[in-house]
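With chain F's structure known, arrange chain D on it following the hints.
From first to last, the protein sequence lines stand for chains F and D. Each residue of the first sequence is one higher than the last, beginning at 1 in my numbering. Each residue of the second sequence is one higher than the last, beginning at 1 in my numbering.
Source of the hints: derived by calculation from the structure; they are not laboratory data.
Sample of chain F residues facing chain D (criterion: CB under 7 angstroms; computed from the structure):
hint, residue
1, His78
2, Asp108
3, Ala109
4, Val112
5, Asn115
6, Arg116
7, Thr119
8, Thr123
9, Ala137
10, Glu142
11, Gln144
Over the 12 angstroms line for every Cβ pair with chain D, so calculated as not near, a few chain F residues:
hint, residue
12, Met1
13, Glu159
14, Asn192
15, Asp213
16, Phe294
Listed next, the stretches of chain D that the computed footprint assigns to chain F, with coverage defined by at least 3 CB atoms under 8 angstroms from CB atoms of chain F:
hint, segment
17, 78-90
18, 110-116
19, 140-147
Just so we're clear, the structure is a prediction, and the values are computed from it rather than from any experiment. Yeah, the Cβ is synthetic: ideal placement off N, Cα and C, and Gly gets one too.
2 protein chains.
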Amino acid sequence: MHSIVELQDIVEQAIKNVQYPSQPAKLYEPISYIMSLGGKRIRPVLLLLSSELFNDDVAIAVEGALAIETFHNFTLIHDDIMDNAPIRRGKDTVHVKWGVNNAILSGDAMMVEANRHMTRLDTSVLKDVLTCFNDTASGVCEGQQLDMEFEQRTDVSIEEYINMIRLKTAVLVGGCMKIGAIIGGAGTEDANLLYDFGVNFGLAFQLQDDILDVYGDPVKFGKQVGGDIISNKQTFLLLKLKELAAAEDLAALKSLSGATDYAHKVKTVTRLYNKYKIRDLATAEMERRADIAFTSLDKVNIRDNRKAELNMLARSLINREH
Amino acid sequence: MHSIVELQDIVEQAIKNVQYPSQPAKLYEPISYIMSLGGKRIRPVLLLLSSELFNDDVAIAVEGALAIETFHNFTLIHDDIMDNAPIRRGKDTVHVKWGVNNAILSGDAMMVEANRHMTRLDTSVLKDVLTCFNDTASGVCEGQQLDMEFEQRTDVSIEEYINMIRLKTAVLVGGCMKIGAIIGGAGTEDANLLYDFGVNFGLAFQLQDDILDVYGDPVKFGKQVGGDIISNKQTFLLLKLKELAAAEDLAALKSLSGATDYAHKVKTVTRLYNKYKIRDLATAEMERRADIAFTSLDKVNIRDNRKAELNMLARSLINREH
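Isolated chain F, as found in the complex (with noise of 0.2 angstroms):
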């Protein structure tokens, strides 16, 4: 079995290896560009820990992680246009640098390219596998929906957050699992609980992600601290804040959302989740979903000692600073 450094080198290796065509060039080269802006690559290393879980020939599994990270990029480049971003990883994004019809176009071209890494698999596993993929990115699709909703709402409720992080992130992370599983050989029973592994995982590592934006040590977390807070964004800890706080801490909340002395809005409104122990309960159901995913890993009908990488990431990729 491999480490998640070497897993990480085959991933990078493979995506340096695959060749879009070389014209016409305004179409694939913004597929080579944010292929290559690099990032952590989890989804594609998790994708083969898992087909290894079951498999020790992780060359069967490359081109389903390539398939998911192709597909995760598309994602970002559509997403980018509809939230406007400008910045991507710490350079322009796709939009900014080949104008919104590119954008739209290369995104779509990346789509079929992803599909086309995830048709390369054997034939035995590729009903299961595509019936999975579709599944997982018709989630995504729905997750950016409530996302893009929710933005010109006031009422979420934690319970809708929940299901629409589940959707936009986790279920990517279920499908990365169940899909690996899938080529790796395993049964059904155990692709599931490896699927239910990967959202409940998601889920926890977005609510780190939550917890992060505003507790992170702003040297290690790499952005800016109180990211969220500046955009109004509505966190599982704004969401907990508003529905515990009283009506004077609400008016106060609320006066700041257009605030442009942001280090006083961060400040103020870090004050408030101090006050109502938000932090406590975000890390609260951040780990009552970790138990959920590690309770459904322990169950997974293989030996621990083959577990060992996978719960290791997942561990650390949970209690990560940054």
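Same frame as chain F, but now just chain D:
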């Protein structure tokens, strides 16, 4: 074997029976909307016809037909955004009705739905069908990219134009034929002959469209005659005229490009087409492509009487007046 009308009914009924999720409404309503706008359903009917050449049970190909029609309508949603088109089949385009962001995302979800239909086909044909479908889908994206780029250029050659319509339009027709053939159980040679038939027929169809835009009967054509002339669209006719016209006629043509008296513009450009016998040249090219198409169809290794319906449909579409 079924008649064209029966196959159209099968396609319409299958489209009506598709149930999209009810939520999020704004994600799935645009999909139902554009799928219900109608059209001739030529592509799915061709796919069913192609499958029926080899297998009497047309039901085995219906999910393929749905996949192709769903994919085609997805490209219409995204193309209409890129082309800034307000009207599609006499109704508001999706981005006018739901906004650009929603139209991008519903298009994405629709691409997933197309793959979902395709994945329901029999496991034995899945890999070959999806490989062809992915190649086709890439081609369509490449064609749309070239079409957008050509709008910014004044030096497009006829060869480039034919390559663009091949990718944007004809490859999808070829894909329908090949996918239908694979589902029906055709061998590789027959499937490829039907692909060649579809591509060349698709080219002939598009060239006929270019001709009808200028020379169609205004009543039967159903859209404004001369629409391509008014919008300075670089069609086979315009590119051929540019190739052949004398300097003073080219100057006259250039001076008309910004004309606002559309009736005068259409009349004058048509007169130039007549002067250089552009209609005959376009018709000759159209017939050349149709001949290649029907020669490929002739070579398909099945009895001629099984090809009768397909032959009839293809000839009627090429000799159509609308």
